[in-house]
Amino acid sequence: MSKGRFGIHGGQYIPETLMNAVIELENAYNHYKCDSDFKCELRELLNNYAGRPSLLYYAEKLTRELGGAKIYLKREDLNHTGSHKINNVLGQALLAKKMGKTRLIAETGAGQHGVATATAAALLDMECVIFMGEEDTKRQALNVYRMKLLGADVIPVKTGTATLKDAVSEAMREWTSRISDTHYCLGSVMGPHPFPTIVRDFQAVISLEAREQILEKEGRLPDAVIACVGGGSNSIGSFYHFIPDEKVRLIGCEAAGRGIDTFETAATVNTGKIGIFHGMKSYFCQDEYGQIAPVYSISAGLDYPGVGPEHAYLHDIGRAEYVPITDDEAVNAFEYLSRTEGIIPAIESAHAVAYAMKLAPTMDKDKIIIVTVSGRGDKDCAAIARYRGEDIYE
Amino acid sequence: MSNIIKAFENGKAFIPFITCGDPDLETTAKVVREAVKNGADLVELGIPFSDPTAEGPVIQGANIRALAGGVTTDKIFDLVVELRKDVKIPMVFMTYANVVFSYGVERFMKKCAETGMDGIIIPDMPFEEKEEFAEYSRQYGVDMISLIAPTSENRIAMIAKEAEGFIYVVSSLGVTGTRTEITTNIGDIVSVIRENTDIPCAVGFGISNPEQAKKMAGLSDGAIVGSAIIKIIEKYGKDAPPYVGEYVKSMKDALR
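If you read the sequences in order, they're chains A and B. The first sequence begins at 1 in the working numbering and counts up one residue at a time. The second sequence begins at 395 in the working numbering and counts up one residue at a time.
Keep in mind the hints are simulated off the structure, nothing from the lab. A hint or two may mislead.
[What the hints assert, rightly or not] Derived DSS-like pairs (lysine-lysine); straight-line CA-CA distance at most 27 Å:
id	chain 1	residue 1	chain 2	residue 2
1	A	Lys273	B	Lys400
2	B	Lys504	A	Lys273
3	B	Lys505	A	Lys273
4	A	Lys158	B	Lys625
5	B	Lys625	A	Lys3
6	B	Lys400	B	Lys505
7	A	Lys273	B	Lys625
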């Protein structure tokens, strides 16, 4: 079995043209992750540029209304650029810079990873090209403008379903054609080794902080940690330091779209089967001949037919649970959290909030749940308004 | 050891790539026969994949058209059975790892052997991963064709030593598609390959005209052409077979 495995999942299923590039990246990462100057620089950027540590906020009103477990929100929405994506991007951009790369390329779904990458490129004086499904450029027009404002080129991808998976494919194609000066700043815990490990390590800061914060506030570990899963970067980051704590339930919320019994879904673990795509072995939504399914979710960031290989493994060994949340449930949670706590979550994060709304009332009042609010929802307001039949202009 | 070596016994080999089912399987069968009649030495049959990450826009288009027409892996095996009634030259599949994996690797390789396929090219299965499939391809005598790229450098020897059938030398960075110029030093790559193996090597990616084919085959043992042929099929649809035949003849003539 090759490198970068999580059980049977993971691996490096990529064209030969890219093999030396991923090997170079792995070697550089293994060097710099132990380099004290690198760690210092990254810490400085995370704390004084991105605004870490992020708050662990006790949502008292939400807790009271739901009438069960105490709910804490891990506020990744308060990071600079508005989501957890910046944690990984600052790490990778700094690494790329150390490797002598001058250009960053990235895929983006909702646009949050694209915005974060464009931001890091602006800060570190790097060229930046973002690939975004044409469908998503329409759903997330504001983020397209933000990326351009930050100096990035945004390439609308028209192939396939013109969503996140096609943006990933196109970014991979671009990397194959220009490697020497370019780093592919992959936005999730997916793709070929070493990306799932690198991205997880950079996102693990979420659970590192959350674990310390909850111990400080409550003197004990939470009973459950809930986060949304597309590729799975905020969720793996939220889970990682709790994985050895076997009593902490780890719950990933997948986008069920219009329901897991319909074809309009993106709930990979719940409806997919094992396959090989985008450089990794994992679960994928696909037909009987291995053709990747055209998935659907209201959330552009969760609208992906695969899931990171470490999640596939955590599912296989039963350490984490993966639950489907429909568009309707997510939109309700989006509105509910806005009204009860004055926090507008990203529609992606609203999937996690939606499950907390189901779970909390079934738990005793002395139980504790941490919900990761992976991003803020400003970008989604126009789309949610349209979902509710209200036509507003951005 | 498959029959692939026979493709390199008539001077420099000309290897056309055809996406099965574009626009339909009847046309694919006719195109293959025209190519054989006009001097093709080996045929690469593409099994379409929904998300072909190593392909440029032309072959992506062929994949989409073929899948929209309802082609499946099973129907393509039926096509091979039908072709093998009279097509004697070596044939290999070109497809993505998930197509083989989802079919069941052993079942797929067994079916290749039964229907008369000599090898398989999987662009998203590099040296480090190939054993997962090679275990079964060896068992059924199907050659796993290795690719060597302009960026392979220190990896060439390792790949060449374990190569089977022929080596696919990728001419340029990037994805498939026609190019006006190929700037990679193919000669240097081939000489490292030659130091490590006796099996033939053919150059592909970006070759579209007889001059390029002659130049690339001159540096190796053959030339592979995909996108230029797909463009003819895209343009003429069901009427494409004689045009592909004419094109194959012009390319093979340049290699003689």
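Hints, verified against the model:
1. Between the alpha carbons of Lys273 of chain A and Lys400 of chain B the distance comes to roughly 40 Å, so the proposed pair goes past 27 Å and is violated.
2. Note on Lys504 of chain B and Lys273 of chain A: the hinted pairing holds, with a Cα-Cα distance of about 23 Å set against a maximum of 27 Å.
3. Between Lys505 of chain B and Lys273 of chain A the alpha-carbon distance is near 23 Å, which keeps this suggested pair within the 27 Å criterion.
4. Distance restraint check for Lys158 of chain A and Lys625 of chain B: the Cα-Cα separation of roughly 20 Å lies within the 27 Å cut-off, and the hinted pair is therefore satisfied.
5. Restraint check for Lys625 of chain B and Lys3 of chain A: not satisfied, since their Cα atoms lie roughly 39 Å apart, outside the 27 Å limit.
6. Between Lys400 of chain B and Lys505 of chain B, the direct Cα distance comes to roughly 22 Å. Compliance with the 27 Å bound is thereby established for this hinted pair.
7. Note on Lys273 of chain A and Lys625 of chain B: the hinted pairing is violated, with a Cα-Cα distance of about 35 Å set against a maximum of 27 Å.
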